[in-house]
Amino acid sequence: MMKILFRLLIILLFFQNYSLAETSQEVDKISKNLRCLICQGQSVYDSQSDFALSMKILIQNKIDEGKNDEQIYEYLKAKYGEWIVYDPEINKNTILLWVLPLILFVFGGILILRKVSIK
Amino acid sequence: MSKNIKLISIVLITLFSFFILLKGLDKSNIYSPEIKESNVDFNFKAKYLFSEEEVFINELLNNEGMSLINIWASWCLPCRDEHAYLLNLNSLDKLSIIGINYKDDEKNAKQFLSELGNPYTNIITDPKGINAIEFGAFGVPETYLIDNKSKLIIQKFIGPLDDNAFAKIINIVQ
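Going line by line, the protein sequences match chains A and B. Take the first sequence: its position 92, counted from the start at 1, is 92 in our numbering, and no numbers get skipped. Take the second sequence: its position 78, counted from the start at 1, is 78 in our numbering, and no numbers get skipped.
Calculated directly from the structure, the hints in this document are not laboratory data. Any given hint might turn out to be false.
Listed next, the stretches of chain B that the computed footprint assigns to chain A, with coverage defined by at least 3 CB atoms under 8 Å from CB atoms of chain A [claimed, not checked]:
id: 1; stretch: 121-131
id: 2; stretch: 136-149
Straight line, CA to CA, 30 Å or less: simulated DSSO-like cross-link-like pairs of lysine-lysine [claimed, not checked]:
id: 3; chain 1: B; residue 1: Lys149; chain 2: A; residue 2: Lys62
id: 4; chain 1: B; residue 1: Lys128; chain 2: B; residue 2: Lys45
id: 5; chain 1: A; residue 1: Lys77; chain 2: B; residue 2: Lys23
id: 6; chain 1: B; residue 1: Lys23; chain 2: A; residue 2: Lys79
id: 7; chain 1: A; residue 1: Lys56; chain 2: B; residue 2: Lys23
id: 8; chain 1: A; residue 1: Lys62; chain 2: B; residue 2: Lys47
id: 9; chain 1: B; residue 1: Lys27; chain 2: A; residue 2: Lys32
id: 10; chain 1: A; residue 1: Lys77; chain 2: A; residue 2: Lys62
id: 11; chain 1: A; residue 1: Lys92; chain 2: A; residue 2: Lys79
id: 12; chain 1: B; residue 1: Lys128; chain 2: A; residue 2: Lys32
id: 13; chain 1: A; residue 1: Lys67; chain 2: B; residue 2: Lys128
id: 14; chain 1: B; residue 1: Lys103; chain 2: B; residue 2: Lys151
id: 15; chain 1: B; residue 1: Lys151; chain 2: A; residue 2: Lys79
id: 16; chain 1: B; residue 1: Lys128; chain 2: A; residue 2: Lys56
id: 17; chain 1: B; residue 1: Lys47; chain 2: A; residue 2: Lys79
id: 18; chain 1: A; residue 1: Lys62; chain 2: B; residue 2: Lys128
id: 19; chain 1: B; residue 1: Lys107; chain 2: B; residue 2: Lys45
id: 20; chain 1: A; residue 1: Lys77; chain 2: B; residue 2: Lys149
id: 21; chain 1: A; residue 1: Lys29; chain 2: A; residue 2: Lys56
id: 22; chain 1: B; residue 1: Lys47; chain 2: A; residue 2: Lys56
id: 23; chain 1: B; residue 1: Lys45; chain 2: B; residue 2: Lys151
id: 24; chain 1: B; residue 1: Lys45; chain 2: B; residue 2: Lys3
We treat Cβ as the ideally placed atom computed from N, Cα and C, and that holds for glycine.
Put together the whole structure using the sequences plus the hints.
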């Protein structure tokens, strides 16, 4: 009898943990893409600051309300600006950031081609 | 000749990096987004500190004047410093001061107010720090001057209020 109860308990605990992990995974995923604005070089996921802890609760609430990732990012961008997401949009302030690697790539390619054709 | 070019370019690149880093030192670490009209949707509920009732923030911003929203906590030391300013601002007729009690113990918060005085017209609680995020806040203390009619944030003060901020608020309200 005790054994069966014990097993049931373990199964129950297992399922409970499983469901908890399910929801927090979603929060982890979103918070990894968010910059913790008051801590340098950390994401909201990594940080244990008051700001980041509140942010994680808020993200969980928004998920419970049925918002998807995109809606949550948009919501936070409206509050804190573009800077909060780790994925900069292309605009006139970030154009150099996006174009510079391309320019360097082409420039490097030209250098290599010239070296090869000289030989 | 090519040795010279190499040397010059190394010197130039070093100087260039040096100046970029030097300029970076002047930049403030606090990033504050541009204030947009759609920034705050005041349509969220919070519990009062002195009663069990809940209220929509919209309802607190209903009169003609302006509101000063102040995020504070009893455990926050700079909040003690700025408290005298808030008590002074309380005398302005056109201004109602709304306190947001951030991640605080209610008992400590009430003790803080009985010790230093209560400048707030209304106080709402924010035990999880979620309401502060609605305002785009980073932490405590933070203060927002809001025009009740247009529901726009006129001025943001990150950190404790000082003489400058105090003068600015009085200037804008009057």
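So, going through the hints one by one against the coordinates:
{"no.": "1", "hint": "121-131", "verdict": "holds (count 3)"}
{"no.": "2", "hint": "136-149", "verdict": "holds (count 3)"}
{"no.": "3", "hint": "B:Lys149 - A:Lys62", "verdict": "holds, 29 Å"}
{"no.": "4", "hint": "B:Lys128 - B:Lys45", "verdict": "holds, 13 Å"}
{"no.": "5", "hint": "A:Lys77 - B:Lys23", "verdict": "holds, 27 Å"}
{"no.": "6", "hint": "B:Lys23 - A:Lys79", "verdict": "holds, 28 Å"}
{"no.": "7", "hint": "A:Lys56 - B:Lys23", "verdict": "violated, 34 Å"}
{"no.": "8", "hint": "A:Lys62 - B:Lys47", "verdict": "holds, 19 Å"}
{"no.": "9", "hint": "B:Lys27 - A:Lys32", "verdict": "holds, 26 Å"}
{"no.": "10", "hint": "A:Lys77 - A:Lys62", "verdict": "holds, 14 Å"}
{"no.": "11", "hint": "A:Lys92 - A:Lys79", "verdict": "holds, 21 Å"}
{"no.": "12", "hint": "B:Lys128 - A:Lys32", "verdict": "holds, 20 Å"}
{"no.": "13", "hint": "A:Lys67 - B:Lys128", "verdict": "holds, 20 Å"}
{"no.": "14", "hint": "B:Lys103 - B:Lys151", "verdict": "holds, 25 Å"}
{"no.": "15", "hint": "B:Lys151 - A:Lys79", "verdict": "holds, 15 Å"}
{"no.": "16", "hint": "B:Lys128 - A:Lys56", "verdict": "holds, 10 Å"}
{"no.": "17", "hint": "B:Lys47 - A:Lys79", "verdict": "holds, 22 Å"}
{"no.": "18", "hint": "A:Lys62 - B:Lys128", "verdict": "holds, 14 Å"}
{"no.": "19", "hint": "B:Lys107 - B:Lys45", "verdict": "holds, 21 Å"}
{"no.": "20", "hint": "A:Lys77 - B:Lys149", "verdict": "holds, 25 Å"}
{"no.": "21", "hint": "A:Lys29 - A:Lys56", "verdict": "holds, 11 Å"}
{"no.": "22", "hint": "B:Lys47 - A:Lys56", "verdict": "holds, 21 Å"}
{"no.": "23", "hint": "B:Lys45 - B:Lys151", "verdict": "holds, 16 Å"}
{"no.": "24", "hint": "B:Lys45 - B:Lys3", "verdict": "violated, 70 Å"}
In the structure shown, a violation is registered for the earlier hints numbered 7, 24, in ascending order.
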